[in-house]
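K.L.:
Each chain, written out:
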Amino acid sequence: MNVNIESIIRNYDLDRVSVATVASHTALQILRGASRLGFYTIAVAKPSTAWFYKRFSFINEVLEVDFSDFESVIDYLIERNTVFIPHGSYVEYVGWRRAISMPIPTFGNRYLIRWEADQRLKMKLLGHAGISIPKSFDDPSMVDGPVIVKLYGAKGGKGYFIARDKDELIRRLSSIKEDFIIQEYVIGVPAYYHYFTSRMRDRVEIMGMDIRYESNVDGRVFGFEEPTFVVVGNLPMVLRESLLPTVQRYGEDFVKAVHELVPPGMIGPFSLESIIRDDMSIVVFEFSGRIVAGTNVYMGVGSPYSTLYFDKPIDMGERIAIEIKDALGRGRLMDIVT
Amino acid sequence: MNVNIESIIRNYDLDRVSVATVASHTALQILRGASRLGFYTIAVAKPSTAWFYKRFSFINEVLEVDFSDFESVIDYLIERNTVFIPHGSYVEYVGWRRAISMPIPTFGNRYLIRWEADQRLKMKLLGHAGISIPKSFDDPSMVDGPVIVKLYGAKGGKGYFIARDKDELIRRLSSIKEDFIIQEYVIGVPAYYHYFTSRMRDRVEIMGMDIRYESNVDGRVFGFEEPTFVVVGNLPMVLRESLLPTVQRYGEDFVKAVHELVPPGMIGPFSLESIIRDDMSIVVFEFSGRIVAGTNVYMGVGSPYSTLYFDKPIDMGERIAIEIKDALGRGRLMDIVT
Amino acid sequence: MNVNIESIIRNYDLDRVSVATVASHTALQILRGASRLGFYTIAVAKPSTAWFYKRFSFINEVLEVDFSDFESVIDYLIERNTVFIPHGSYVEYVGWRRAISMPIPTFGNRYLIRWEADQRLKMKLLGHAGISIPKSFDDPSMVDGPVIVKLYGAKGGKGYFIARDKDELIRRLSSIKEDFIIQEYVIGVPAYYHYFTSRMRDRVEIMGMDIRYESNVDGRVFGFEEPTFVVVGNLPMVLRESLLPTVQRYGEDFVKAVHELVPPGMIGPFSLESIIRDDMSIVVFEFSGRIVAGTNVYMGVGSPYSTLYFDKPIDMGERIAIEIKDALGRGRLMDIVT
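Protein chains in written order, with the numbering used here: chain G, 4 to 341; chain W, 4 to 341; chain P, 4 to 341.
I should point out that these hints are in silico values taken from the structure, not numbers from a laboratory.
A pair counts as met if it fits within one copy or between any two copies, since identical chains are not told apart.
In silico EDC-like links for lysine to aspartate or glutamate, alpha-carbon gap of 16 angstroms or less:
(1) Lys153 with Glu289
(2) Lys57 with Asp205
(3) Lys125 with Glu276
(4) Lys161 with Asp282
(5) Lys49 with Asp72
(6) Lys328 with Asp338
(7) Lys57 with Glu255
Everything numeric in this text was worked out from a predicted model, so none of it was measured.
Input sequences plus hints: build the corresponding full structure.
P.N.:
Here it is, written out as C-alpha cells:
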C-alpha cells in the first residue's frame, strides 16, 4: 500500500511547487491561500463544475476529469511538482482505498483515512487519546437513555436515527437489516473545532470552530417532517474561554495518540466534533484527519483564533500554504507529505 | 414614467460625485464604503433619526426630510452631483411608484421595483430564469402538503400563515377577506445569497450570504405565542462548496432573465432568497433587485466570498463604490444608473 | 472601601505601563489587544490553566495564583505599573466585595460591581436610565402571562425556571425555599449589545453585538431533557439598521444614569442584554458594567460596528488598549481607572 512518495519528491523542482486539490469542499479556500503564498494552483474538477472554478483568477488551471479515472491526471500533477491537498470530497469521490494508495505527494497523514472509514477504529483512536466519547452499546437491552443509531451505510446526514429509550430503540431496530452501532445520544450543543498540527513550528494550533447548518433540522419545520441532518453550510462561533484549555488539551492528546498509533503521526489540519453538555463537559463523537468544510466560515477573512498565533487573521487554506512554504524553506517537504 | 437621467448626468461635475442614500437599512455600510473610495457622502434622514447618523464622521452631510416631501431634496442632491443608492427602506418610505419616477440618477435598475411590487410578476421573472420556485396553488382543494399563505397586505414578517394541510388551509381561509396567494411550504433551511452584477467587469459575483434572525420564531418561545417572522437582524453563514455552482448559475440565469424582460437589465447588487432542502435542492421564493440588509453582516469587515474576486475582504457598500469609481474612470456612469 | 488608587498611580513609571487580567473570559482578547498597542502583558492564572496561556507569545508573563490569595500578586503588578482589566470571571473568582476593594488601578468603574450583585439595584439603574425593562411581580397572584423566576443563587444559566402562567408559577413556587424574583418572560429573540464609553473621545460607541450559544437549549434536545441555559459560546449577529438608533440611545441613557447614580460614571466597555419583540421594541433584562464574553466573537478580526468609528475593524481588547494609550498620551490615566 505504501507509495514511494520520497522518490517522486526527489525529482521535483522545489522552486516551482504547485498546490492542487479537488474542486469542491474547501477548494476555493485552499487554492486562494496557496495563490497568496505564491504557489501555482490547480483544481481537479468534475466536468460538470469545472466552469465554475474557471471563474476565479487565483486558480491557475482547472483540470477536468471523471473521478473513476482520477489517476489519469497524476502524471501531469507530478510534472507540475504538485503537493496535493486532500479533503472529504476527494476521499468520497475516489474512495478511501484509492486515496491511500494514490501516487501523489499528499499533504498530511493519508493513513488516517483508513481509521476514519471504520467507526470502531475511529472510536478506538479517540479513546486512546483519553478524550471523552459517547458510551457505546453492543446490547440494545443495556440502553438506559436516548441513543443515536448509525447504520453502516450512513452518509451525508442520513442513515441515522435517534431513539428516546430502550423500548423505542428495540422497536425500531426490529426492521433494520444492515449493520449498525448504538451510541449514547449526548444532550447539549454541537461545536466543531479546527486544529492545525504544525511540524515546522512544533505546535498544535486552534484555528477556529464552527456550527453546522443542517437541513432540515435547523429550519422551521414545525413537525411537518422527520428531522434530517444534511449539512448545507456552516456558522462561525466562539467558545467560552474557560473551555479553551480543554479543547487545546484534547487536540494535543489526539495528536499524541495519532503519533503512537498511525505513523507518521498527525500533520496539518484536523478536526474534533463535539457536543458540549450543560455541565460544560465536552464529548467528542467524531474526528476528521484533514481540513473540514467548517473552516470555510473563515475563508479569506481569517478566524479570531488564528490571530493568537499570527499577526493577522488567516484561514486554514493560508495556514496550509504557510506550512508548505516553511517546509520548502527548510528542505523538509518530506516531513509534511505522505 | 421615464425620467431623463441622461440630461441630469450631462450637467454633473464628474470629478465631484457624491453618493447619497436614505438613512436606514444599509446606509452605514453604503456611505462608509463610498467614503473610503473618496466620495462625498450624504444621508437623507427622517428628522427622528438624523441625530444618530450625525454621530459618524464618514457621513459628510445629513439632510433631514419628511419623506412625504422627499422630492424637496432632489435639487440639492443634483447640485452635489449625486449618485443615489436605493434600498428597501427607501422604496418603503416613498412608495414604489415614486421610487420609479424619482428624478435623480439612481444606481441599479429601478424598473425592477415594479416587478417586486407584484407577487405574480416576481414569480414570473424567477420562472423565466429557469430557477426552481415553490409550487403555487390557485385552488385550495388542490393542495397536497404544507402551504404558506401570503396575504396581499403582508409586510415585515406579518400577514403570513402556514397551514399543515388542505383541511387546515380551507378552515383558515374561510375567515380571510383580503386577496392572497397560496404557495407550497418548502421544508428545509433558509439561505439568502448576495450577488453583485458588475457592468464594468462583466461578471456576476457571489458577494456573501446570510440567515435572517427573526422575532419571535428564532427565540425561546416554548409555544407561548404563535410564531412570527419579523426580521430584526442577520447572521453570517457559508455554504457547502458543492452548492456554490448552483448558486452561481441561479445568479447568472437571473441576470439573463432581467436582461430579457426588464431593460436595461441587472446592474449592481441583488439577492435571491431560498430554502435548501435536505436533498440539497435549492428553491428560491423571493428576490430583491438591490442591496439587501443581510449584507450588513459584512459591514467594514468584508465577506469570505468577496475575497474570491478581490485582494482583500470588502463589503457590498465598498463594492458599489468601486463600481461607481470604475464607471467614472471609463466615462460610463450612464451604464450603471437609471 | 475606597482604595487610594491615585497614590499608586503617582508612583507608576508611565512609560512602562503593563496591562494585566485574569486568565479566562476575555483574557486572550484583552492581552492580544494590549500587546499590539505595545503594552507589556500579564495573565494572572489559576495553576490548572496557566500552561494554556503560556502557549501564546503575546502574553509576556503568566502569574500563577490561587485566587483565594489573589492579593499576593498585587505588589508585583504595581511594580510592573499595571492597569488591571476586570471581567466577569475575575469578579466571580475573587467575589464582588474583594473586587471593589482590590488595591490595584482597575480599568473602568469598579463600583458598578455592587449594583450588579443585587438584582433590585440592577433594575433600578436600568429604570433610572428610562430603558424598557421587563415587568416585575412581587405577588405571584398578579401574574398575567409567562414569567421567569430567578432564584437568589442563580448562576451560570441554572437556577432559573420559566412558568407558562399563574397556575404553573404558584405550583412550582410551592417547593422553592430560597429568595427569588419574578419577572415577565419577554417573548422575542435575544440580542446582546457591546458598548464602549470613551472618556478620551467623549462618546459612546456601539462596538458589536452577539447571541449567546447555550447548552442545552440551543442543541437538538427533542424534549429529552428540560431546557437549560449554560452559555458555552457566542455567535456574531448584526442588527436591523432601523433598530440601531434605539440601541445607541439606550447606551447613552445608561451612561447618563451611571453618571448620576454611580460616581465616577461609566468608563470603557459595558453591555446591555435584551430581548427584541416582534413589534421591534427592545426590552433590556440585564447589564454588565465591563467587557462581556460575547466580544470574543470579534477577537483579532474586529467587528462590523467598530469600523463606523475606526479606520479598520478592531476588537474590544484593542479598544481598551487604545483608550489607555490615549489617556497616557494626555496625562489622564486617573480618568479611566478606579
